[in-house]
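Student: Using the sequences plus the hints, can you model the full thing?
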Amino acid sequence: MKQKKMQLFLLISIFINMMLIVFLFMGKDSKTSTSLSTSEYKLFEYHSNYSPQILQGIVQPESHFSVSMNISGKLEEKSTSLKPGTHFKKGDILLKLERLDILYQIVIQRLEFKKMLLDFSLKIQQELPEQYSKWENYQNNISHKEAIPELPEFSSETEKNIASNFGILKKYYETKLKEDAVNQYFYVAPFDGIILENLLPKDNHIQAKQTLLYISPSQKMALTATIPVVDITSFQGSGEFIYRNKNKDTVGSGKIEKWMYSPTDTTQAHIYFSISNISNLVMHESYEIISNQKPTHRFIPTKAIKENRVLLYQENGTYLKEVKIINTKKDSAEVVGLPSHCFIIIP
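For what it's worth, this note's numbering labels the leading residue of the sequence shown as 31, then goes sequentially.
One or more of the hints may lead you astray.
To be verified - Here are the simulated BS3-like cross-link-like pairs (lysine-lysine), alpha carbons at most 27 Å apart as the crow flies: (1) 250 - 126; (2) 288 - 276; (3) 239 - 104; (4) 144 - 190; (5) 153 - 190; (6) 278 - 120; (7) 175 - 206; (8) 288 - 72; (9) 164 - 175; (10) 232 - 126; (11) 72 - 276; (12) 175 - 145; (13) 206 - 239; (14) 278 - 250; (15) 113 - 336; (16) 200 - 104; (17) 206 - 145; (18) 145 - 232; (19) 113 - 200; (20) 285 - 119.
As the list claims (entries may be wrong) - Pairwise CB distance ranges, derived in the manner of DEER restraints: (21) 310 - 207: 40 to 48 Å; (22) 181 - 96: 36 to 44 Å; (23) 214 - 296: 14 to 22 Å; (24) 213 - 270: 39 to 47 Å; (25) 221 - 158: 45 to 53 Å; (26) 369 - 229: 51 to 59 Å; (27) 119 - 210: 23 to 31 Å; (28) 231 - 195: 29 to 37 Å; (29) 157 - 229: 53 to 61 Å; (30) 261 - 310: 24 to 32 Å; (31) 258 - 329: 51 to 59 Å.
These are calculated hints, taken from the structure and not from any lab test.
Cβ atoms here follow ideal geometry from the backbone N, Cα and C, with glycine treated the same way.
Tutor: Written out as structure tokens, the structure reads:
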């Protein structure tokens, strides 16, 4: 009796194996309505972990600075374009006040200093004749068109006292202060950046400390998007992102730099993405932010693959699916060609 049962079991096993062989040699992606019991075979659940993440983002500054002048006055008509969105370089003159009055005062100061030096040289010729040529040369180098040079070194305390009593030191520092004051008539860009907002009055008359512009460093521009806080982890693991404009053209790329809670809704987060080439993106324009992560594929048991095909299980039957092996590791293989989620029958 036991021998008959053993023979029957062997016959059933042979029959099942023959059925699997038939399935595996059917056409590509072919289907069958044959139902298999999941208790008799191992099922391997397969997941492809890749699904591109797409957000809508807007180019905005991470930080901004206000621009003002320390003195009142009228802006010159001819100056750098100050329209919002205009890029500038470090050292560019962004604002320039009319300075005819201050320039006239500086010329007067230089001429007065030069005349004083002429008289002082005669004094030195009388009391310290060996120092006369030094001061004569210095006086000859003074021009009303250029900044006055530094004073020559004093050879002794006697020479310094003579210069001080004559008023040379006082006049020198007064003239230098007047020359330095002209720098207040300019605003020079402290960094490479972009104009965010222009608040200049129409008549070009400005007041000291009045906010005139808002600017931002170019390298501090970011593409910002808002997502639920619960999705932060999945986005942080996405590596690099690419940016597309409304025409679907790729215009840049970058990574997540930081994120913060929305001040009005703590369930939402603001994400800041770096920008590889800011010149390709336009301030306040909207762009698609797409994960550039390459598809990842799970390893499946190699014994489930027969001639580059696997047998998949569904509730209404089974079907064969052709796959391509791209990598192997011990008794597993990494494949492409499977659905993102499926159940593989392991013989």
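Student: Each hint should be assessed against the structure and marked as holding or not.
Tutor: Verification of the supplied hints:
1. 250 - 126: Cα-Cα ~26 Å, so holds.
2. 288 - 276: 25 Å, holds
3. 239 - 104: 14 Å, holds
4. 144 - 190: The hint holds at about 18 Å.
5. 153 - 190: 13 Å, holds
6. 278 - 120: Cα-Cα ~33 Å, so violated.
7. 175 - 206: 14 Å, holds
8. 288 - 72: Not OK: residue 288 and residue 72 at ~45 Å, beyond 27 Å, violated.
9. 164 - 175: 22 Å, holds
10. 232 - 126: 15 Å, holds
11. 72 - 276: 48 Å, violated
12. 175 - 145: Answer holds: residue 175 to residue 145 is near 15 Å, not above 27 Å.
13. 206 - 239: 24 Å, holds
14. 278 - 250: 25 Å, holds
15. 113 - 336: Given pair residue 113, residue 336 is violated - Cα atoms ~67 Å apart, limit 27 Å.
16. 200 - 104: 31 Å, violated
17. 206 - 145: 16 Å, holds
18. 145 - 232: The hint is violated at about 44 Å.
19. 113 - 200: Given pair residue 113, residue 200 is violated - Cα atoms ~45 Å apart, limit 27 Å.
20. 285 - 119: 25 Å, holds
21. 310 - 207: 40 to 48 Å: Taking Cβ atoms as reference, residue 310 and residue 207 lie about 47 Å apart, which means the hint holds.
22. 181 - 96: 36 to 44 Å: Cβ of residue 181 to Cβ of residue 96: about 39 Å, so the range 36 to 44 Å holds.
23. 214 - 296: 14 to 22 Å: About 46 Å separates the Cβ atoms of residue 214 and residue 296, which means 14 to 22 Å is violated.
24. 213 - 270: 39 to 47 Å: 44 Å, holds
25. 221 - 158: 45 to 53 Å: With Cβ atoms ~50 Å apart, the hint holds.
26. 369 - 229: 51 to 59 Å: 58 Å, holds
27. 119 - 210: 23 to 31 Å: 24 Å, holds
28. 231 - 195: 29 to 37 Å: 49 Å, violated
29. 157 - 229: 53 to 61 Å: 59 Å, holds
30. 261 - 310: 24 to 32 Å: With a Cβ separation near 27 Å, residue 261 and residue 310 satisfy 24 to 32 Å, so the hint holds.
31. 258 - 329: 51 to 59 Å: The hint (51 to 59 Å, Cβ to Cβ) is violated, given that residue 258 and residue 329 are roughly 32 Å apart.
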